[in-house]
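Trainee: Chain G: place on chain B using the hints.
Chains as they are written, first to last, in this note's numbering: chain B, 133 to 249; chain G, 309 to 418.
It is worth saying that the hints were derived from the structure and are not from the lab.
Be careful, since some hints might not be right.
To be verified - Taking lysine-lysine pairs in the DSSO-like style, the calculated list, with each CA pair at most 30 Å apart, reads:
| id | chain 1 | residue 1 | chain 2 | residue 2 |
| --- | --- | --- | --- | --- |
| 1 | G | Lys350 | G | Lys310 |
| 2 | G | Lys350 | G | Lys387 |
| 3 | G | Lys353 | G | Lys310 |
| 4 | B | Lys143 | B | Lys189 |
| 5 | B | Lys143 | G | Lys350 |
| 6 | G | Lys387 | B | Lys146 |
| 7 | G | Lys353 | G | Lys387 |
| 8 | G | Lys310 | B | Lys189 |
| 9 | B | Lys143 | B | Lys203 |
| 10 | B | Lys146 | B | Lys189 |
| 11 | B | Lys143 | G | Lys387 |
| 12 | B | Lys189 | G | Lys350 |
| 13 | B | Lys189 | G | Lys353 |
| 14 | B | Lys203 | G | Lys310 |
| 15 | B | Lys203 | G | Lys387 |
As the list claims (entries may be wrong) - Listed below are several chain B residues computed to face chain G (Cβ distance under 10 Å; list not exhaustive):
| id | residue |
| --- | --- |
| 16 | Lys146 |
| 17 | Arg163 |
| 18 | Pro175 |
| 19 | Phe177 |
| 20 | Tyr180 |
| 21 | Asn183 |
| 22 | Ala225 |
| 23 | Leu228 |
| 24 | Tyr239 |
| 25 | Thr247 |
To be verified - Distance ranges between label pairs, derived from CB positions:
| id | chain 1 | residue 1 | chain 2 | residue 2 | range |
| --- | --- | --- | --- | --- | --- |
| 26 | G | Ser360 | B | Lys146 | 45 to 53 Å |
| 27 | B | Gln173 | G | Gln377 | 14 to 22 Å |
| 28 | B | Thr145 | G | Ser360 | 45 to 53 Å |
| 29 | B | Gln212 | G | Ala375 | 26 to 34 Å |
| 30 | B | Ile144 | G | Ser336 | 16 to 24 Å |
| 31 | B | Ile144 | G | Tyr359 | 21 to 29 Å |
| 32 | B | Leu249 | G | Gln377 | 35 to 43 Å |
| 33 | G | Thr326 | B | Gln173 | 23 to 31 Å |
| 34 | G | Lys353 | B | Lys146 | 32 to 40 Å |
| 35 | G | Arg367 | B | Arg213 | 42 to 50 Å |
| 36 | B | Arg147 | G | Asp385 | 46 to 54 Å |
| 37 | B | Glu210 | G | Gln339 | 42 to 50 Å |
For each residue, glycine too, the CB sits at the ideal point set by N, CA and C.
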Amino acid sequence: DTGVSQNPRHKITKRGQNVTFRCDPISEHNRLYWYRQTLGQGPEFLTYFQNEAQLEKSRLLSDRFSAERPKGSFSTLEIQRTEQGDSAMYLCASSLDSSGGREDTQYFGPGTRLTVL
Amino acid sequence: RKEVEQDPGPFNVPEGATVAFNCTYSNSASQSFFWYRQDCRKEPKLLMSVYSSGNEDGRFTAQLNRASQYISLLIRDSKLSDSATYLCVVRRNYGQNFVFGPGTRLSVLP
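Just chain B, same shape as in the assembly (with noise of 0.2 Å):
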C-alpha cells in the first residue's frame, strides 16, 4: 500500500501521559498536513510542513502540541501531558507540490484515535 499510513491506529491514555503519533506520506509528497477531527465535525487544521520545514500552526495547537518532521519525510506529533479535551482522531495528509497551477490534491491517512481517560 503506497498510501498515507499513520501508527497507532488507536491510542488510550490517561490524562497527563504524553503520546505521540506517526505519519508517513506518500513518498514524493513534500507537504504534509495534520488535522484534528471530533465526532460531528469536519478536521480543524492543525500545522503543515513543506519538506522539514513547519510553516504554518494554527492557534489551536498549543504549548502542549509539537509536530517534527526532521528529513523531510515522516513526521510525529507529541501532545504532552494530555487532558480530556484532547480525545479526537489526528489526521494526517500528504500533497505534492506541482507548482504548476494545478491544485494539488490532499491524500489523507486513515488517522489515529486518541482517547484521553
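Mentor: The following block gives chain G in isolation, referenced to the frame of chain B:
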C-alpha cells in the same frame, strides 16, 4: 460565525433522487474550493475540485459563485454507495491552510 458553513443535514433520500448540498464561506479572498467525501470512521477523500466555470464528473456537478461566496454540489441519480458525509473545503488566500466545513451527512435509502 464559522468560516465555512454547510447545510446541517442529515439528508435522507431514496435511490435515484437528485440531491443538492450548499456551502457558504466568509473569507472573500479564498482561493480554492473542494468537495471531499468521508465515509463513517474513514478518512476524507477528494471528490472534486470546484472551478469558477463549474465542473461535472459523471453524476456529480459542482458550482462556485464567488460573488455570493457560495459553493454547491449536485448529485444526480443517487446510489446507495453515495451515503457518506460531504465536506466543503476552502483554501485561504495565503499559505496552505485548508478550512473544512462541518459536513452534511447523506443517507440514500433503498
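Trainee: Looking at the structure, which of the earlier hints fail to hold?
Mentor: 6, 11, 14, 15, 16, 21, 23, 25, 29, 30, 31 and 37
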